[in-house]
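J.: Take a look at the letters that make up each chain.
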Amino acid sequence: MNPTTAVWLPVAVSGTLAVVSAPLARRIPPRTAVRLLTGAAVVCTFSTACVLAVLGADVLGQLPVVARSGQWSSAELRSTTPVAADVRYVSAVAVVVLVFSTLHRTVHIARGFARAGRVCRRLGPGVAGLVVIEDDTPDAYALPTLGVGADLGGRVVVSTSMLRALTGAERSVLLAHESAHVRHRHHLYVALARVAAAGNPLLLKTAEAVTVATERWADEVAAQEVGDRRLAATALARAAVARASVVQGRRSATFARLPAASSDNRLVLDRARALLQPPPHRRRALTSLVTAVLLCASLAAAVTASSTEDRFELAHSTSSTSR
Amino acid sequence: MSSPSGRPRGALERQVLACLAAAARPMTAGEVLADIGSKLAYTTVMTTLARLHAKGALTRELVGRAYAYTLTSNPADLRTAVTAHRMRRLLEAGEDRAGVLARFVADLSSEDEQMLTGLLSDPERPAHR
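Quick mapping for you: the protein sequence lines, in order, are chains A and B.
Everything in the first sequence is counted per the working numbering, starting at 1 for the first residue and increasing by one.
Everything in the second sequence is counted per the working numbering, starting at 324 for the first residue and increasing by one.
Just so you know, these hints were derived from the structure itself, not from any lab.
It is possible that some hints are incorrect.
As the list claims (entries may be wrong) - Straight-line distance between alpha carbons at most 20 Å, and here's what the computed EDC-like set of lysine to aspartate or glutamate pairs gives:
1. Lys362(B) to Glu170(A)
2. Lys362(B) to Glu336(B)
3. Lys378(B) to Glu336(B)
4. Lys205(A) to Asp270(A)
5. Lys362(B) to Asp228(A)
6. Lys362(B) to Glu225(A)
Note that the structure is predicted; figures quoted are calculated from it, not measured.
Start from the sequences and build out the full structure, keeping to the hints where you can.
T.: Structure, rendered in structure tokens:
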């Protein structure tokens, strides 16, 4: 594999993954999309980091100080490395920055989960994990726990005003949706995707797609449980409108009206539309193709990394024998 | 992770609790059944109510020949409400970068709100199963 190609391969793969994530997630079952995209993001970030690290190590290895201590021939290294110097320097810097970014995001998320765990414990066990709050703001959400010790389940928190805004059947949809988040541990997939995106900012779109797909996954579970997709769509719409009328009303009373909706806010509408259509088919061919391409790309990156390492070995042995 | 009926574990208990919390008045098993849905058996609902009562989540009083159930109110509720409010304030302040919480519905633009309201008033279409 031509090393120059290998430099751009991780970038190309990451960029492609980012671009295809949302369209792919719309066409395959959400459950598959979540797993596939999360796995792809992790693999992509890891192999990108490996390639960058090996390329960047060239830079470090060629510094006279390091070369002397490692008994490498820096002249030999430089001559055997066909990659341009600026690429090598950028790689070295990139690795350091991305590793810090990844660690920072991981700590931030871990703190968030710890906080959620504390809230869960303070809320008490509820009834089969459901906690009802007396509140005027319609709200419903799932709180995860990391499942250490006795507190294995998360919580579903719903406010009384949300419950009252819905019919009995619509309530079942809401509860099924939130319970699905807890039961299938969606927070872990989302966290993994976000950590991967921290280590590879090209994958921000992929992390977004994973979050959206977990909502769609929970919607599909709920729709199946109640056996009525139209009901699921109606429940979603009614809950959104109920919340909007209270939240928006408060907001315009205190601040200026917020500017046009971000992509975030289209989500409810997209979800409702998806529920009014049949569930996406399993597309084994497409899923297998995407998986295969990603595995090949990662394999190529690994091969490059190991062949670059071989050059190190060569340079090392050359310098040893020449002494 | 499902009960013998194929429902996820605890699903019925959550539905019953939500029903009673929404009503905010004592309800009999028959009324709960009518609210939750007709796919369930009366005895199933009755058993669930009795179980929740045994756990201390519900109190009941005899009304005629049937029990009417209501949520147990306890001092822990106030503390619970305070915790949830604090959590919500943190989240609305943008602290939830960690994506910890999965909210059922995000906030809407006014046009989306209109479209969704339109969806609600649509004449009945065949549901997909």
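J.: Of all the hints given earlier, name the ones this structure violates by number, lowest first.
T.: none
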